[in-house]
Amino acid sequence: MSFAVQSSTASYLAYAATAVKGAAANDDATQATGQTAAANATKTAPGQPDATEQNFLDYARMSVAERIRKHYLEKAGMTEEQLGQLDADARAKIEEEIRNKVRESLLQNGGKDSGSIANIVV
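Take 12 as the starting number for the sequence shown in our numbering and just add one per residue.
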């Protein structure tokens, strides 16, 4: 083994030992308080969905047209506000493209307003 590799290995082992000691200290602090950062981050008021659940519910409640519009704008790197600030011709062109995508989706699904994986009613 060359000196550079030995030195690198020794440095890594020293770093790993420090990381293990730090993790042990964090475990001790967690045991002392009885809580973890993850548990604290996901606490919400009783009966209220957490952020992930709320995002899912918001998405599930969207119509196909709303989902297509949201996806189109995200793909284009735009927000609704930015779309609203475009001149009339540019906005009309984008709105027409979105309408065409919605029309295509509805024709593929036999005119049903269903989700791409499952029709979720909330």
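These are computed hints drawn from the structure, not numbers from a lab. Incorrect hints may have been included.
To be verified - Derived pair list, reagent style SDA-like, types lysine to any residue, alpha-carbon separation capped at 25 Å:
#  : residue 1 : residue 2
1  : K86       : A101
2  : K112      : D100
3  : K86       : P57
4  : K86       : E106
5  : K81       : K104
6  : K104      : F67
7  : K81       : A56
8  : K81       : A71
9  : K86       : Q59
10 : K112      : A62
11 : K104      : Q59
12 : K86       : F67
13 : K112      : Y83
14 : K112      : A71
15 : K86       : A56
16 : K86       : E64
17 : K81       : N111
18 : K112      : A87
19 : K104      : N66
20 : K104      : L68
21 : K86       : L68
22 : K81       : G58
23 : K86       : G58
24 : K81       : G95
25 : K104      : A87
26 : K81       : P57
27 : K86       : E107
28 : K104      : E91
29 : K104      : A62
30 : K86       : R72
31 : K86       : I105
32 : K112      : R72
33 : K86       : L97
34 : K81       : F67
35 : K112      : R78
36 : K112      : L94
37 : K104      : Q93
38 : K112      : F67
39 : K86       : L118
Now the hints, each set against the structure:
no. : hint          : result
1   : K86 <-> A101  : holds, 16 Å
2   : K112 <-> D100 : holds, 19 Å
3   : K86 <-> P57   : violated, 36 Å
4   : K86 <-> E106  : holds, 14 Å
5   : K81 <-> K104  : holds, 16 Å
6   : K104 <-> F67  : violated, 30 Å
7   : K81 <-> A56   : violated, 29 Å
8   : K81 <-> A71   : holds, 13 Å
9   : K86 <-> Q59   : violated, 31 Å
10  : K112 <-> A62  : violated, 29 Å
11  : K104 <-> Q59  : violated, 40 Å
12  : K86 <-> F67   : holds, 19 Å
13  : K112 <-> Y83  : holds, 9 Å
14  : K112 <-> A71  : holds, 19 Å
15  : K86 <-> A56   : violated, 34 Å
16  : K86 <-> E64   : holds, 23 Å
17  : K81 <-> N111  : holds, 14 Å
18  : K112 <-> A87  : holds, 14 Å
19  : K104 <-> N66  : violated, 29 Å
20  : K104 <-> L68  : violated, 30 Å
21  : K86 <-> L68   : holds, 21 Å
22  : K81 <-> G58   : violated, 28 Å
23  : K86 <-> G58   : violated, 34 Å
24  : K81 <-> G95   : holds, 14 Å
25  : K104 <-> A87  : holds, 13 Å
26  : K81 <-> P57   : violated, 30 Å
27  : K86 <-> E107  : holds, 16 Å
28  : K104 <-> E91  : holds, 15 Å
29  : K104 <-> A62  : violated, 34 Å
30  : K86 <-> R72   : holds, 21 Å
31  : K86 <-> I105  : holds, 12 Å
32  : K112 <-> R72  : holds, 19 Å
33  : K86 <-> L97   : holds, 17 Å
34  : K81 <-> F67   : holds, 14 Å
35  : K112 <-> R78  : holds, 11 Å
36  : K112 <-> L94  : holds, 17 Å
37  : K104 <-> Q93  : holds, 14 Å
38  : K112 <-> F67  : holds, 23 Å
39  : K86 <-> L118  : holds, 22 Å
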